[in-house]
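Build the complex: two chains, separate frames, hints provided.
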Amino acid sequence: MALKVLVGCKRVIDYAVKIRIKPDKLGVVTEGVKHSMNPFDEIAVEEAVRLKERKLAKEIIVVTCGPPQAAETIRTALAMGADRGIHVEIPLDQMDTFQPIHVSKVLAKLAEQEKVDIVMLGKLAIDDDSNQTAQMTASLLNWPQGVFASKIDKTDAGLEIIREVDGGLETIRTTLPAVLSADLRLNEPRYATLPNIMKAKKKKVVKMKPADLGVDMAPRIQVVSVEDPPVREAGQTVSDVDDLVAKLKDKGFSSA
Amino acid sequence: MFSTPTKLSGLVNTLRFARNQSTLVLVEHNNEKINPVTLNAITAARALGGEVNCLVAGTSCGDVAKEVSSVEGISKVLVAEDAAFEGFMPEKLTPILMASQNQFKFTHIIAGASAFSRGLLPRVAAQLDVSPISDIIGIKDKDTFVRTIYAGNAIMTLKSMDPVKIVTVRTTAFEPATVGGGSAALEAAPAAAGDTADVSQWVGQELSKSERPDLGSAKVVVSGGRGMKTGDNFSMLYDLADKLGAGVGASRAAVDAGMVPNDMQIGQTGKIIAPELYIAVGISGAIQHLAGMKDSKVIVAVNKDPEAPIFQVSDFGLVADLFKAVPEITEKI
Chain A
1 MALKVLVGCK RVIDYAVKIR IKPDKLGVVT EGVKHSMNPF DEIAVEEAVR
51 LKERKLAKEI IVVTCGPPQA AETIRTALAM GADRGIHVEI PLDQMDTFQP
101 IHVSKVLAKL AEQEKVDIVM LGKLAIDDDS NQTAQMTASL LNWPQGVFAS
151 KIDKTDAGLE IIREVDGGLE TIRTTLPAVL SADLRLNEPR YATLPNIMKA
201 KKKKVVKMKP ADLGVDMAPR IQVVSVEDPP VREAGQTVSD VDDLVAKLKD
251 KGFSSA
Chain B
1001 MFSTPTKLSG LVNTLRFARN QSTLVLVEHN NEKINPVTLN AITAARALGG
1051 EVNCLVAGTS CGDVAKEVSS VEGISKVLVA EDAAFEGFMP EKLTPILMAS
1101 QNQFKFTHII AGASAFSRGL LPRVAAQLDV SPISDIIGIK DKDTFVRTIY
1151 AGNAIMTLKS MDPVKIVTVR TTAFEPATVG GGSAALEAAP AAAGDTADVS
1201 QWVGQELSKS ERPDLGSAKV VVSGGRGMKT GDNFSMLYDL ADKLGAGVGA
1251 SRAAVDAGMV PNDMQIGQTG KIIAPELYIA VGISGAIQHL AGMKDSKVIV
1301 AVNKDPEAPI FQVSDFGLVA DLFKAVPEIT EKI
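Chain order of the listed sequences is A and B.
Heads up, the first sequence is in our numbering, so the first residue is 1 and it goes up one at a time.
Heads up, the second sequence is in our numbering, so the first residue is 1001 and it goes up one at a time.
Next comes chain B alone, as it looks inside the complex (with noise of 0.2 Å):
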């Protein structure tokens, strides 16, 4: 097995780093709790050095502004409440964003990598004119970073020459933070320069909601694949997985043929997982669907094809028929 390349190392190697680096991290929620991106991204910005900030901005804060002052190591919690922010549209989130930048000129402005903050830090990183960096896995100085291209085949290093660094943190490379035993004072964020027109709106979402464990944050993921056939079949996932207590996921052809909702599939642009153990049943390890588990400690594959890519991945691999071995494996674990 190989260690994740930045997990603690990064953090020593960077905290000797950054005398006046000042961070503002962009707070993820959901107007009742902290999303746990968000803490992953936190202890980013502690490796940095230097003050971290964070911007709760939300249609209701209290609850969220509160959970983020006590997490160690935070200077101050910026505030920002208004009706206007529901959905959390990043038109509307842009201004706010910037009016704190204007304030307190922070040297870095970070979030944990989602859809949320690919979304709205890109739009910021325009309006200062910098060029954002995204999802980095490791942090070598205030200026370096390392990121994966090419689906995770390839690891770059890069210096940013920007003044200021707009970086979104791949939460996998990065502990979480703990809740508890901080206490930052909690400020109103500047108001945002000027009236934002009503460009654009919120409608709604149709979130899949799930009594397991979150894909991100799971210990151990089931993912079903092509060979599945339909989505009914994936009960028997789900089995093993309530055994494991485990979350599911899926690979993007189970997602395309309609057998599981969008939220499940792992890959190169799906989720990006590094779970103790991952076992993949009927997925045949195409490139894009590696990206986004290879990471995992322990691989486990179970196809009935011999010759799948997936297997020049796995720890341990099952050339049999998923049908049958799925349920004895649940059976027997």
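The following block holds chain A by itself, in its conformation from the complex (with noise of 0.2 Å):
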């Protein structure tokens, strides 16, 4: 009954850094700037990890598509509980079009050859904001999803999953094996504690290409431009209440 778990990860830009666009407009700068895991994917772990606690998992292989830094990514998740990984390397300049079309394939074809029950995802990633990976992987599979998932629990026939939706919140059921993806409030992550990234470093990790496994890289799309937004002019601070409420009426705002 217990479960063997494939959990995606990805490296991003840290959620707090203030990107940059790149001189040449086709990109955001990445060198030297601080990345980590994509949060979602934190959450996705963490509740792999729960679940080998909960003796419903018994192994947890992390995945992660990425350059060689993307190692540091993988680390993170092995010492956060997870058994073994393995790092499918891109190279840094295929990354802007590497997109969840191909990670979802490769995902899809390991979770085949490691015949896991669960594919684990966040929900998107902070930096492109696609919210594909999870349902393309399980489309490809022919599996069920759960995605935007806040609650996970295991049942007879599989898992029921409550999803966070536009109205509030929807409970489903699917059979194993299953996609699921990570929202927000599906847990807090719990920090790699100091003995358990030591402990991480024996791990093992396997490196291999997308060739490897059969799939092809080619770009879906091509970049025309990366630009900043549209820049608000600056706004002003008002003195109290009445001044502001002036400056609405000002502006066609008042009591409905």
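Wrong hints could be hidden among the right ones.
Unchecked claim - Capping the alpha-carbon separation at 30 Å, the derived lysine-lysine pairs in DSSO-like fashion look like this: (1) K251(A) x K1159(B); (2) K247(A) x K1332(B); (3) K1159(B) x K18(A); (4) K251(A) x K1243(B); (5) K1304(B) x K249(A); (6) K1243(B) x K247(A); (7) K4(A) x K199(A).
Unchecked claim - Ranges between beta-carbon positions, derived for each pair: (8) K247(A) x P1163(B): 47 to 55 Å; (9) D1082(B) x K204(A): 19 to 27 Å; (10) P1306(B) x L194(A): 32 to 40 Å; (11) E233(A) x F1323(B): 26 to 34 Å; (12) K1076(B) x R54(A): 49 to 57 Å; (13) K201(A) x D1256(B): 29 to 37 Å; (14) D1256(B) x M217(A): 33 to 41 Å.
Everything labelled a hint here was simulated from the structure, so no lab data went into it.
Just so you know, these numbers come straight off a predicted model, no measurement behind them.
Think of the CB as a built atom: it goes at the ideal place given N, C-alpha and C, for glycine as much as any other residue.
What follows is the structure in structure tokens.
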């Protein structure tokens, strides 16, 4: 019964960093910029580790698709409690056109090869904001999906998942195997403790290329430009509520 | 003030393009009425030029199909009614979309960006082996789209090289199409190929019920953050909202703290809105929250911390104790 879980994680620019556009206007400056594990993926890793602690999962394999530096991201996941890692290496200069369609093919292949029961991903990556990979992976595998999950429970027949949707919460049930994606409130990820970071160095990480999995990396998009968003004109401080109300009325806002 | 990049100018720029385009708009609905996000998607579909068709799939499609057919500029409405579509489960809807695509060979499949379309369209894209394009804010031509990345801190223009474009549309970037004046033909959608195994099941939903304007379409939104301290304190925001005829939203911090339900969250991964007036109360203005509201026409911030980042985007900033200021605003507005 104990499940095998494949968790995907991505190395992204840290969520608190103020990004800058490259002078060639074809991308964002990444060199010398702080990177971390995508916050949604931390939640995914945490959920997998909790499944293991509850004895519902027996093995957690963490996968990342990324440049050599992404090895740090795997190490973080291993330090949080994943058992072993797979680093699918993507050259840094191909990262801009490396998209969910490519990642999902890698994950689907690995899920089949490793015979996992659950593929657990973050809902979206905070750099490209796509929110597609879990859905595409599930589709390729012809597995059910439980995306934007805020609660995951095991049932006799599979899983019961509560999802965050536009109007509130939705409950679904799926059979296993399944692909899940973690939403913000699924859990609060742990910090890797120093002893666990040290232990993680001994855990096995295998490197491979997409071609080893038969996955075609050909880009599907051409980046035409990356630009700053329109800048808002500077606003003003108002002195008190009367001042604010007067200014709002000036703009045509008053009681309905 | 700056103007939203693509509302009318996008339309004008792109009407020239694209003769042989044939677009399918995936209609979002609740078996009674169209969800407004679909009307924004129809505008985007029309901007591409070419034929615009709609697909209504659900357990009881009659009323919705009729409403859709009355939107101007629609060629035909494909209808797929089946008890199996309860809960609009993506595993069940994917084959229906695939059957329509295989028969009609659309060049574009479009939907308003929402939890529903995000769950479903990437599944379809994977089947068609194309890279979906999420949350566009502009259309340059039939292959070229504009979308935000890094929580709205950069704008990317990209050209898709795939033969079929699967696109979700940020509703704040396209005017809603008007219902009425159209008379599209209704047609049964092609049947799904094969039998879909019962791998997933819709159990139920807990939707927030509110008489207030929906966040996506409200002209005015009042929003509360960590500074509100408790869910009970949101009542002062509801009072202000009632006076303004406004919707009420919240920051992630307020939702995480259990003050309000998740459907009120405004931000990078919550709702992205652009009302005429956004009043941020007790919200610090983290990057991820700004992503959800910085295209609002007028932004007001009320926060006791003069250093709060929200003041960098607000048009009118009031440094004050919200517990005094908000009731006073409600009284005087």
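Results for each hint:
1. K251(A) x K1159(B): Answer violated: K251(A) to K1159(B) is near 39 Å, above 30 Å.
2. K247(A) x K1332(B): Answer holds: K247(A) to K1332(B) is near 12 Å, not above 30 Å.
3. K1159(B) x K18(A): 26 Å, holds
4. K251(A) x K1243(B): 17 Å, holds
5. K1304(B) x K249(A): 23 Å, holds
6. K1243(B) x K247(A): Measuring from Cα to Cα gives roughly 17 Å; hence the hint holds.
7. K4(A) x K199(A): 21 Å, holds
8. K247(A) x P1163(B): 47 to 55 Å: 52 Å, holds
9. D1082(B) x K204(A): 19 to 27 Å: Taking Cβ atoms as reference, D1082(B) and K204(A) lie about 48 Å apart, which means the hint is violated.
10. P1306(B) x L194(A): 32 to 40 Å: 39 Å, holds
11. E233(A) x F1323(B): 26 to 34 Å: 30 Å, holds
12. K1076(B) x R54(A): 49 to 57 Å: 51 Å, holds
13. K201(A) x D1256(B): 29 to 37 Å: Since the Cβ atoms of K201(A) and D1256(B) sit about 33 Å apart, the hinted range of 29 to 37 Å holds.
14. D1256(B) x M217(A): 33 to 41 Å: 38 Å, holds
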